[in-house]
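**Q** Got chain A sorted already, so can you dock chain B onto it with the hints?
2 protein chains.
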Amino acid sequence: MKDRLEKQLGFIYEIDRVKGIFRKTRLFHTDRFENDAEHSWHICMMALVLQEYANDKIDILKVLKMMLIHDLVEIDTGDTIVYNRTDADVEAEKKAADRIFGMLPGETGREFHDLWTEFETRESAEARFAGALDRLEPLLQNMSRNGEDWRRNGIGYEKVLDVNKRIADGSLLLWDFVRVEIKKHLDNGDFAKS
Amino acid sequence: MKDRLEKQLGFIYEIDRVKGIFRKTRLFHTDRFENDAEHSWHICMMALVLQEYANDKIDILKVLKMMLIHDLVEIDTGDTIVYNRTDADVEAEKKAADRIFGMLPGETGREFHDLWTEFETRESAEARFAGALDRLEPLLQNMSRNGEDWRRNGIGYEKVLDVNKRIADGSLLLWDFVRVEIKKHLDNGDFAKS
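Listed in order, the protein sequences are those of chains A and B. Quick note: to get the working numbering, add 60 to the position in the first sequence (first position is 1). Quick note: to get the working numbering, add 60 to the position in the second sequence (first position is 1).
Hints may contain errors.
Intra- or inter-copy, both count: the list cannot distinguish identical chains.
[Said to hold, decoys possible] Cut-off 35 Å, straight-line C-alpha distance, at most; resulting in silico cross-link-like pairs (DSBU-like, lysine-lysine):
1) LYS62 <-> LYS155
2) LYS253 <-> LYS62
3) LYS117 <-> LYS253
4) LYS225 <-> LYS122
5) LYS219 <-> LYS117
6) LYS244 <-> LYS154
7) LYS244 <-> LYS117
8) LYS117 <-> LYS62
9) LYS253 <-> LYS122
10) LYS243 <-> LYS155
11) LYS84 <-> LYS67
Just so you know, the hints here were simulated from the structure itself, not pulled from any lab data. None of the values given here were measured: they were computed from a predicted structure.
Extracted from the complex, chain A is given alone in its bound form (with noise of 0.2 Å):
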């Protein structure tokens, strides 16, 4: 049993280190920037909150569980921004998974390897709706800061919508109701040019 928590403690341990990957989207209410455990908490808690919206009748402790795991690779990645991702950082992350997830006992490493699997792959409801809400929180702080990171970044209308209209995918209520909401700040000049 000693040497088995040992890896158990040793994987808590090296976790810690997604509190220092920064995110390029900031906090509702500060000028700072979120990082990944403060990000995954705060889907974690949409998740229970909002769960009535998904389209399709999920288990929701699948959906907390692939919310708690899914940024550990970018411990050793780093964050990327959604609407800039290549091949490669794909390729990068899947090495990471296979680093973070192995340093696990045996079960429960595959257990969340298949978890961040199927979160990546969006092939489950529970995976659909997770990604939903992953896209939904970082649009709810920019919209709360009326889009000053978008103007940052030069992202426009159009790709706004492109990206994120994939939560629909998870929750077809959830997308009808934002894409009012990013609508009001296209009204509001709140967009860079597209």
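**A** Just chain B, lined up with the frame of chain A:
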């Protein structure tokens, strides 16, 4: 539906504030203090990885929910160090729970309030396991830094044992492991004088 969703989103905005509530303990890998959102995420990960060591059969979903919400009251009260908790602190947290969970639609708000009360009173196997990990994380952090914050806050060996022995209520196995580790730090001179 729009009113309901706006209420839910209002809560999701509000709870962003826990990212600005800093604890008295520091991260494993840096000198920075940890905030409540990061801490909540980390103990959720610990629950997923260490659930096999719970004394009793536990509903892991319930454990995760408790952990995700357990520090929201600190939005109003701020962080209080576990070694110096007063009755007035407890009263203030109750008031905060009424306000914060009251922002949600009735049934979700009631569920969260009940989970929070259950966690605080340690009245179920889930609450005892969640409580054990809530104490274990800062212990591990502090030990990874050779007890620097015990010395800084004048916390002696006996006090650390006394406050943390309740880890055993949730997991005898984890307590058995960790008290041996704590003793090593005593032998190493890492404590303040009692």
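**Q** So, for every hint listed, does it hold in this structure?
**A** Hints and how they fare:
| no. | hint | in the structure |
| --- | --- | --- |
| 1 | LYS62 <-> LYS155 | within (28 Å within a copy, 43 Å between copies) |
| 2 | LYS253 <-> LYS62 | between (59 Å within a copy, 30 Å between copies) |
| 3 | LYS117 <-> LYS253 | neither (39 Å within a copy, 56 Å between copies) |
| 4 | LYS225 <-> LYS122 | both (23 Å within a copy, 32 Å between copies) |
| 5 | LYS219 <-> LYS117 | within (30 Å within a copy, 48 Å between copies) |
| 6 | LYS244 <-> LYS154 | neither (38 Å within a copy, 38 Å between copies) |
| 7 | LYS244 <-> LYS117 | within (31 Å within a copy, 50 Å between copies) |
| 8 | LYS117 <-> LYS62 | between (40 Å within a copy, 21 Å between copies) |
| 9 | LYS253 <-> LYS122 | neither (39 Å within a copy, 46 Å between copies) |
| 10 | LYS243 <-> LYS155 | neither (39 Å within a copy, 39 Å between copies) |
| 11 | LYS84 <-> LYS67 | both (32 Å within a copy, 27 Å between copies) |
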